[in-house]
Amino acid sequence: MNEAILYTLNMLKRRSVVILISDFIDEGYYHNLKGLARRHDLVIIRVTDKRETQLPKLGLVPVLDKESSKTLWINTSFGGFRNKIKNMASDNFQELSKFSKRNQVNFVNIDTNEDYVPKLLKLFKVRNKSFKSV
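Numbering-wise (my numbering), the sequence shown opens with residue 1 and increments by one.
Among the hints, erroneous ones may be present.
Said to hold, decoys possible - Label-pair ranges, simulated between beta-carbon atoms:
#1 G80 - G28: 22 to 28 Å
#2 R38 - D91: 20 to 26 Å
#3 S22 - K84: 18 to 24 Å
#4 D23 - V126: 21 to 27 Å
#5 L9 - L120: 21 to 27 Å
To be verified - Listed next, the in silico SDA-like pairs over lysine to any residue satisfying Cα-Cα at most 25 Å (straight line):
#6 K70 - K86
#7 K84 - V63
#8 K66 - E95
#9 K129 - R15
#10 K50 - V108
#11 K50 - D91
#12 K66 - L20
#13 K50 - D23
#14 K57 - S77
#15 K86 - V61
#16 K70 - N92
#17 K66 - E27
#18 K66 - A89
#19 K86 - T71
#20 K101 - K125
#21 K70 - L55
#22 K86 - S97
#23 K86 - R51
#24 K119 - Q104
#25 K98 - E3
#26 K13 - A37
#27 K84 - D26
#28 K34 - F93
#29 K34 - Q94
#30 K34 - S16
Keep in mind the hints are simulated off the structure, nothing from the lab.
As the structure is a prediction and not an experimental result, all values here were calculated from the model.
Backbone N, C-alpha and C define an ideal beta-carbon position, used for all residues, glycine too.
Using the sequences plus the hints, can you model the full thing?
Below is the structure:
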């Protein structure tokens, strides 16, 4: 995601409305995201799926560690691992929410199993009331 943000920063020369849609399950992008928010009118739409945080008890499953590029065997039946995943997702949401408030960025969180239309309508009504000159 960091590469996409950098590309956008380098490509757009004039102030623009940038709508970034992602699950934001990545690391190391906040510095460039802040730059994007400063130069452009940024809207963040975070898409989540409960299946990413509520893992079923499947026993041992192979998981790729991004940092070491090694496959680890994780016991998904162990409650500690499932809680760690849930807490990481919650922390990610809190961090993105705080970032949005600090940098005056419109932020919407949408779950894949919910109707997204009301949330998007609300977002654009709020944006219409507090129209930022682009």
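*Decide if the proposed pair is consistent with the structure: K70 and N92, CA atoms, cutoff 25 Å inclusive.*
OK: K70 and N92 at ~24 Å, within 25 Å.
*Straight-line alpha-carbon gap K86 to V61, limit 25 Å*: Holds - the C-alpha atoms of V61 and K86 are around 17 Å apart, at most 25 Å.
*Does S77 lie within 25 Å of K57 when you go C-alpha to C-alpha?*
4 Å, holds
*Holds or violated: K70 with L55, Cα cutoff 25 Å?*
21 Å, holds
*Verify the proposed pairing of K34 with S16, using a straight-line Cα cut of 25 Å.*
15 Å, holds
*Would you say the C-beta atoms of D23 and V126 sit inside 21 to 27 Å of each other?*
At roughly 23 Å between Cβ atoms, V126 and D23 fall inside 21 to 27 Å, so the hint holds.
*Does the alpha-carbon distance linking K119 and Q104 stay inside the 25 Å limit?*
With a Cα-Cα distance of about 18 Å, the restraint between K119 and Q104 holds, given a limit of 25 Å.
*With a cut-off of 25 Å on the C-alpha distance, tell me whether K86 and S97 pass.*
17 Å, holds
*Could you grab the alpha-carbon distance between K129 and R15 and see if it respects the 25 Å cut-off?*
Given that 25 Å is the threshold and the Cα spacing comes to 20 Å, the pair holds.
_Pair hint K66 and E95, alpha-carbon separation not exceeding 25 Å_ = Given pair K66, E95 holds - Cα atoms ~21 Å apart, limit 25 Å.
*For the pair we were handed, K66 and E27, check the Cα-Cα distance against 25 Å.*
Within the cut-off at roughly 11 Å; holds.
*How does the Cβ-Cβ distance of R38 and D91 compare with 20 to 26 Å: does it lie in that range?*
Holds, since R38 and D91 (Cβ atoms, about 24 Å apart) stay within the stated range.
In summary, this structure violates none of the numbered hints.
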